[in-house]
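Engineer: Chains as they are written, first to last, in UniProt numbering: chain A, 1 to 428; chain B, 1 to 428; chain C, 1 to 428; chain D, 1 to 428.
In short, the hints are calculated from the structure, not lab data. Keep in mind it's a predicted model, so treat the numbers as computed, not measured. Beta carbons: idealized from backbone N, C-alpha and C, even for Gly. A hint or two may mislead.
What the hints assert, rightly or not - For each label pair, taking beta carbons as the anchor points, the in silico distance ranges come out as:
(1) C:Ala-408 <-> B:Glu-389: 57 to 63 angstroms
(2) D:Asn-251 <-> C:Thr-348: 42 to 48 angstroms
(3) B:Thr-133 <-> C:Leu-331: 55 to 61 angstroms
(4) A:Asp-355 <-> C:Gly-215: 25 to 31 angstroms
(5) B:Thr-357 <-> C:Thr-348: 51 to 57 angstroms
(6) C:Asn-126 <-> B:Asp-355: 34 to 40 angstroms
(7) D:Thr-299 <-> B:Asn-86: 55 to 61 angstroms
(8) C:Glu-400 <-> A:Lys-62: 51 to 57 angstroms
(9) C:Thr-348 <-> B:Glu-161: 34 to 40 angstroms
(10) D:Asn-251 <-> A:Glu-257: 53 to 59 angstroms
(11) D:Thr-299 <-> B:Thr-403: 55 to 61 angstroms
(12) D:Ser-176 <-> A:Thr-407: 58 to 64 angstroms
(13) A:Glu-257 <-> B:Glu-161: 26 to 32 angstroms
Unchecked claim - Once the Cα atoms are required to be at most 25 angstroms apart in a straight line, the calculated PhoX-like pairs of lysine-lysine come out as:
(14) A:Lys-270 <-> D:Lys-230
(15) A:Lys-270 <-> D:Lys-209
(16) C:Lys-6 <-> C:Lys-62
Number of protein chains: 4
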Amino acid sequence: MYNKDKVALTPPLGWNSWDCYGPAVNEEQLLGNAAYMAEHLKSHGWEYVVCDIQWYEPEAGKYHWDYNRFAQLCMDENGRLLPAENRFPSAANGAGFKPIADQVHAMGLKFGIHIMRGVPRLAVHNRLKIKGTDISCHTIAHRNSICAWNTDMYGVDADREGAQAYYDSIFELYASWGIDYVKVDDICNVKATPLEEYSARREIEMIRKAIDGCGRNMVLSLSPGPAVIKEAWHLAKHANMWRITDDFWDNWPSLLEMFWRCEVWQAHVKPGQYPDCDMLPLGHISITEDGKGHYTNFTKPEQVTLMTLWGIFRAPLIMGGELRDNDAFTLSLLTNDELLHLNQHGGTPLQLFRDETKAAWLNFVGETPYIALFNLQAEPAEVSASLTELVGDASYTAVELWTGETTAVQGEITAQLEPHGAKIFKLI
Amino acid sequence: MYNKDKVALTPPLGWNSWDCYGPAVNEEQLLGNAAYMAEHLKSHGWEYVVCDIQWYEPEAGKYHWDYNRFAQLCMDENGRLLPAENRFPSAANGAGFKPIADQVHAMGLKFGIHIMRGVPRLAVHNRLKIKGTDISCHTIAHRNSICAWNTDMYGVDADREGAQAYYDSIFELYASWGIDYVKVDDICNVKATPLEEYSARREIEMIRKAIDGCGRNMVLSLSPGPAVIKEAWHLAKHANMWRITDDFWDNWPSLLEMFWRCEVWQAHVKPGQYPDCDMLPLGHISITEDGKGHYTNFTKPEQVTLMTLWGIFRAPLIMGGELRDNDAFTLSLLTNDELLHLNQHGGTPLQLFRDETKAAWLNFVGETPYIALFNLQAEPAEVSASLTELVGDASYTAVELWTGETTAVQGEITAQLEPHGAKIFKLI
Amino acid sequence: MYNKDKVALTPPLGWNSWDCYGPAVNEEQLLGNAAYMAEHLKSHGWEYVVCDIQWYEPEAGKYHWDYNRFAQLCMDENGRLLPAENRFPSAANGAGFKPIADQVHAMGLKFGIHIMRGVPRLAVHNRLKIKGTDISCHTIAHRNSICAWNTDMYGVDADREGAQAYYDSIFELYASWGIDYVKVDDICNVKATPLEEYSARREIEMIRKAIDGCGRNMVLSLSPGPAVIKEAWHLAKHANMWRITDDFWDNWPSLLEMFWRCEVWQAHVKPGQYPDCDMLPLGHISITEDGKGHYTNFTKPEQVTLMTLWGIFRAPLIMGGELRDNDAFTLSLLTNDELLHLNQHGGTPLQLFRDETKAAWLNFVGETPYIALFNLQAEPAEVSASLTELVGDASYTAVELWTGETTAVQGEITAQLEPHGAKIFKLI
Amino acid sequence: MYNKDKVALTPPLGWNSWDCYGPAVNEEQLLGNAAYMAEHLKSHGWEYVVCDIQWYEPEAGKYHWDYNRFAQLCMDENGRLLPAENRFPSAANGAGFKPIADQVHAMGLKFGIHIMRGVPRLAVHNRLKIKGTDISCHTIAHRNSICAWNTDMYGVDADREGAQAYYDSIFELYASWGIDYVKVDDICNVKATPLEEYSARREIEMIRKAIDGCGRNMVLSLSPGPAVIKEAWHLAKHANMWRITDDFWDNWPSLLEMFWRCEVWQAHVKPGQYPDCDMLPLGHISITEDGKGHYTNFTKPEQVTLMTLWGIFRAPLIMGGELRDNDAFTLSLLTNDELLHLNQHGGTPLQLFRDETKAAWLNFVGETPYIALFNLQAEPAEVSASLTELVGDASYTAVELWTGETTAVQGEITAQLEPHGAKIFKLI
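Chain A with its partners taken away, still in its complex shape (with noise of 0.2 angstroms):
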């Protein structure tokens, strides 16, 4: 273990803004959240408020949830974003972030940003000073390394004079802030070889090093998907959390995709390291400036079977609707003790079985088992799993989570389960 697990010695849980609100959330939104993390889901474990992309931007949500294209952002001297204070006006006068994270903080909750790995386009062709050099901006950004997606930042050249000191320039800021959380955004999906000029692994050093000398604990986040498997061993030595998959939304084909993609990782799940499967699309989503989204186009067994893939893999929950607007059977998915007990004290999760049809899934919380079985398809089907090879062939009386059902189990356990439904057992 790093010391920069410490940080995150269970999985992230929290909420963040994008699925709701995409570029354009705003403050009262954000505290808004907050509030009720503090009233409904704080006591079951969740702690993270995350403000996502583009705060920086006062247009941001013009063009609904596209960008931009190069926007004036807002920046200090140095080439450094803040808030747009049309959106966050606890930020003026310089204020930052800090009226929000300390009234998060306040709560008893912890909070977080978005930022793009880079330096602002705007800061380089104006020419804007690093904080703390008399090294110009425009000497740091690499000639060949933009984000496909968003014109905001040019990415940082590591082997240039001043990289690591704008790096540190940005969370000394972040720190002085109060932030806990930072997801670094266009970084992840990148394969670093020695023949690529750019490399995704040298900015990734440079902020590890930046957090690790700013003063204050941060989960380290990065985006977007999917990450690289080659890259594992760095990421998991420099990152708390990585996304495995690009962008994911309340369709099915995409939930069933993951399925592959854990399987794939599952080996890295360890304390500090943990694959990130993405922001739970539940609930109130999509909200566009008239204040309406729709609620999540996942039937309720593709939720439990989302929730249940995401509990026992032991994935972060970042929970992605507009908290306020939660129904009890949201609601209820968020704060299953049983499965979040599994989640945040589980072990490294094992595969043990994938076909087109089904999937199973085993961890352990100390000895106990969990046995998680999935109906990959759109009929009503029966799944089991031989439980002899892996967990012998005592009796045990299984628990489904979802339901508190028990039955005895002896060898094999075996279920009914709803199209695209998973159950999941614990065995005593």
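Please build the complex by placing chains B, C and D on the supplied structure of chain A, with the hints as guidance.
Structural biologist: Frame of chain A; chains B, C and D shown alone:
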């Protein structure tokens, strides 16, 4: 034949500033080479004088042959690049390249410039308006198309309103200056497929349309290579010449490689449509601020091989060395009227054979066959080609174009060749 | 032009057994189709009758259109495949295909066969001796070259002694039978590079040499496609036709795809050198043992589109359907003498334009222009082409080749087209 | 842990015939090396004696280290390969490897063999029946799966009836011989995806099932590498060791490369599941028919580096040299009990760092840390590793395992290393 082919019914013959001066060429050098051409080469058919990259960058050359990153380029209020006046004094008062073009024209020659595809990044971030419109340059910049090796421009997104208007505006300016030849860079080695967001095809088509509408004939040359053979029909339809190689310099492996590049492209040599083997790095090249460069590293036989291959393949011949420093041998390479006659008036070339050690090519001017024999080895060698299949069994007198030697041949032609050397025979 | 081109100065016109009978064709069917051709098509220029794959496999067809795996093939003591006598009774007593070829010749037609590149696996494992040598077939088999979809052969390793002797031995046999056309399979869609151990180029060259030395002219046709465009010059040098597509069948997406295949290959259509769009799946095809197949799934407009594209592109026309079951419409497609004239005597075709909805092509016979307009949409559409650039502004009478309708045109030509339909105009 | 892991709770230690005898090993050599192992190595934990490739080929070695193409292999009437009696006399009368295995067992050691995945081509073309069935071998051969470098076998098509029965039949035979270890070749560096017709996964699963059902424990080793990291979970589930490299020989670039291979695979070292760095090419290797080979080209420091990396990474240690020709230094490398203790009883290894010049690894036996420092340069160098993060700030005595030298360390450990050399410290 397309209308655009008529501007180059024979392969362009000219000089380009890159091989000798890189990005740092100045007015005196342009005009000095033009004067040399008028005096020594014009009578042999040479006519184009071309100013290569970054004439709009005042500091070009400050970093020797590297490009300043994120440089402060000269441009008008519409984001159209202008010659840097410190390097091109006659461009003062908004005259642009007109005074230089006028002088070149007065010598009976033609004048060309290099441009990068795209719109200047500074014009984008400063939101300059496209000439004659109310559209800001930032609205036409492609969000995911930059040059891999130069930070001056963003690609232009053909799907955005104003994209064609921008290209029209710059070619209107070039026409007003009297430009005869445009070498467009960062546009030719890009694979265009339906799956890729960015397609070089679209920018090529906008440039073609802008030239056709600008009121002045201009040769359109596309760089850098290697061009993609699958795009051959598209290049032939829109351009007059397109690079089939990356930058070509004075070393044997690059020259050897050109043999298989020519092999692949041979069927595509047609009037007005020329696969381009890049400039001739002969004579005095790679000159830095102190005025010192080096004389081509090619041996004399290699220089003969180069001229012979370019000649019979009917590649455009664009001299790269400082003409005023030509020695007698270098000048002799450029003034072989028999070879130039073949280059200008031959047909589609045909490779007779090629293996690791030797190659042979055939072309015709009218009914007269020309055969070139190449020794690709580092030792002297005898190379033969059978004449029977393609030229028949008649008796010929073979006149070697570099030496004037004649021999009687029938059925087969044989030559003793120096290491990396060549001979080329006209059969009469 | 190479000597080998002279056997096919115009695109071959013929019939092939694959589309109607797959691997199971027999003597009666070959001769029956030949007789039909002699009676109905020969006067329009058709001449080749070609027996497709696995004529040496007694059980071909037993698994319908699939190939028996590891079948017991008929061959002589030198590993040369022989017609299965149960299917071709006249081949008895070692006569091979000579009796059939003789009959086809007597009708004034020509006879062709299909072969797989390589040496029979059975000849390898049974260590049969190559004719006229003491070399066992197992010494020339390539250790890492098999066909991906058929288990009959091993590739021949050009580096092994006996490799050329083997190919010579089989073409000597084919010449003795009177074969006029050889379709070599599993050889055309292989990319040849210096890095790959196996190179199709080497087998193509051995086959070319074997034909040149066998004492009889034969058209050399290479399959399957898609051929690699980078190999165009090599294919043009050694073969008469080469497939630019994988197997082509009677569905619109495949026909639509042919438009971009032709786009890419247009410059390579020359006398004796034809990019091959595959057989015409028209009329009665896909016939199984019970004698029942289906009539082409193409609509009538699609069939006109197919014939128009193949016609103006100057692809070889090889009918795939059972000729004796032709209806009047199918026969009319094969006997449009104006279209056949263009196909046989046109020049290198030129695509005027192509997008998602339409396409246009141009060709000339002598000075006479032909223009084909295509509607690629599923609804009726009007399609126009400008004549100005390539044909000039003169007044023409446009004669539509399928309907005979005439219209006066100047500067532009327009047609109302059926869904997926085409018209082709001769301008006089 | 899976049941199959129990046969190799610690990394296998043994000897394999390939590095010294290639395909030509014989009975005397197997038993001679076994006797040496029993006398000199067994007390240090070594136990496996493994006969490598082509024991069923009477002429193996005739072409030195190349494989005869399309050889006449020894097999029974069911297509099951048998030892060539000219090389293994005790195999006469159908005894197979039982007499040799019995003798090895009598020495207190275990016996292993190499096999190629698949069914012999001769069994296919001769249509031998699979044991206990009426199914011919030709029905289970895959139509598109051969080995790229050896012509003995066809892959087995898991979709065909009889496929599992064939694998069961050969493992039944191996169990009857008393085989303890099977190295399956041509199976490990194949990428398995849903898009590819052939999948190595399917053959691995059939082999796993055949071993599980054969009534005898056998270590399953998969070759050659490099294994695909995306398949790590599948390999861990079905095999005991899998090659992460192509064939490894005695040159520094290959050894250097192993550092990044181990880097990528480090998380996957678990009981019964070992990424395999290939045999140890130490001592007398590459022996030809005249009995002469060469002593390893590795320098002594490189040999120490090799053993140190394999040791701390917990790779299986399979000696490749002729044991009877070991010199004292070579023997000392194999009998360092402290290193063997770490190799056998350590945990999952962790790379501390790696760059172009140096590397460091950490492992633990229980609570005791071991740290290895490597000099990857060709000059002597000092290499240090910080202990603080992972081992803490306590004071330790560092015992170097190759020299026994001790030093006091705290917070950091430093070593002076020879060119390409290593040291490994136990911290007590």
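Engineer: Determine for every hint whether it applies to the structure shown.
Structural biologist: Tested hints:
1. Range check, Ala-408 of chain C to Glu-389 of chain B: Cβ separation about 48 angstroms, and the 57 to 63 angstroms hint is violated.
2. Hint check: Asn-251 of chain D to Thr-348 of chain C, Cβ distance near 54 angstroms, so the stated range 42 to 48 angstroms is violated.
3. For Thr-133 of chain B paired with Leu-331 of chain C, a C-beta distance near 59 angstroms keeps the hint of 55 to 61 angstroms intact.
4. At about 60 angstroms, the beta-carbon gap between Asp-355 of chain A and Gly-215 of chain C misses the expected band of 25 to 31 angstroms.
5. A hinted range of 51 to 57 angstroms for the beta carbons of Thr-357 of chain B and Thr-348 of chain C is inconsistent with their spacing of about 34 angstroms.
6. The beta-carbon spacing between Asn-126 of chain C and Asp-355 of chain B, approximately 36 angstroms, falls within the hinted interval of 34 to 40 angstroms.
7. The hinted window of 55 to 61 angstroms between Thr-299 of chain D and Asn-86 of chain B holds, with their beta carbons roughly 59 angstroms apart.
8. Take Glu-400 of chain C and Lys-62 of chain A: their Cβ atoms lie about 54 angstroms apart, and the range 51 to 57 angstroms holds.
9. Checked against the hint of 34 to 40 angstroms, the C-beta distance between Thr-348 of chain C and Glu-161 of chain B comes to roughly 39 angstroms, which is consistent with it.
10. Separation of Asn-251 of chain D from Glu-257 of chain A is about 43 angstroms and departs from the stated range, judged on CB atoms against 53 to 59 angstroms.
11. For the pair Thr-299 of chain D and Thr-403 of chain B, the beta carbons lie near 57 angstroms from each other, so the given range of 55 to 61 angstroms is met.
12. For the pair Ser-176 of chain D and Thr-407 of chain A, the beta carbons lie near 43 angstroms from each other, so the given range of 58 to 64 angstroms is not met.
13. One distance hint, 26 to 32 angstroms for the beta-carbon pair Glu-257 of chain A and Glu-161 of chain B, is violated here, with the actual separation near 37 angstroms.
14. Taken as a hint, the Lys-270 of chain A and Lys-230 of chain D pair is honoured in the structure, with Cα atoms around 18 angstroms apart against an allowance of 25 angstroms.
15. Distance restraint check for Lys-270 of chain A and Lys-209 of chain D: the Cα-Cα separation of roughly 31 angstroms exceeds the 25 angstroms cut-off, and the hinted pair is therefore not satisfied.
16. Only pairs whose Cα atoms come within 25 angstroms are accepted, and Lys-6 of chain C paired with Lys-62 of chain C is rejected, the gap being roughly 40 angstroms.
Comparing the model with each numbered hint stated earlier shows that hints 1, 2, 4, 5, 10, 12, 13, 15 and 16 do not hold.
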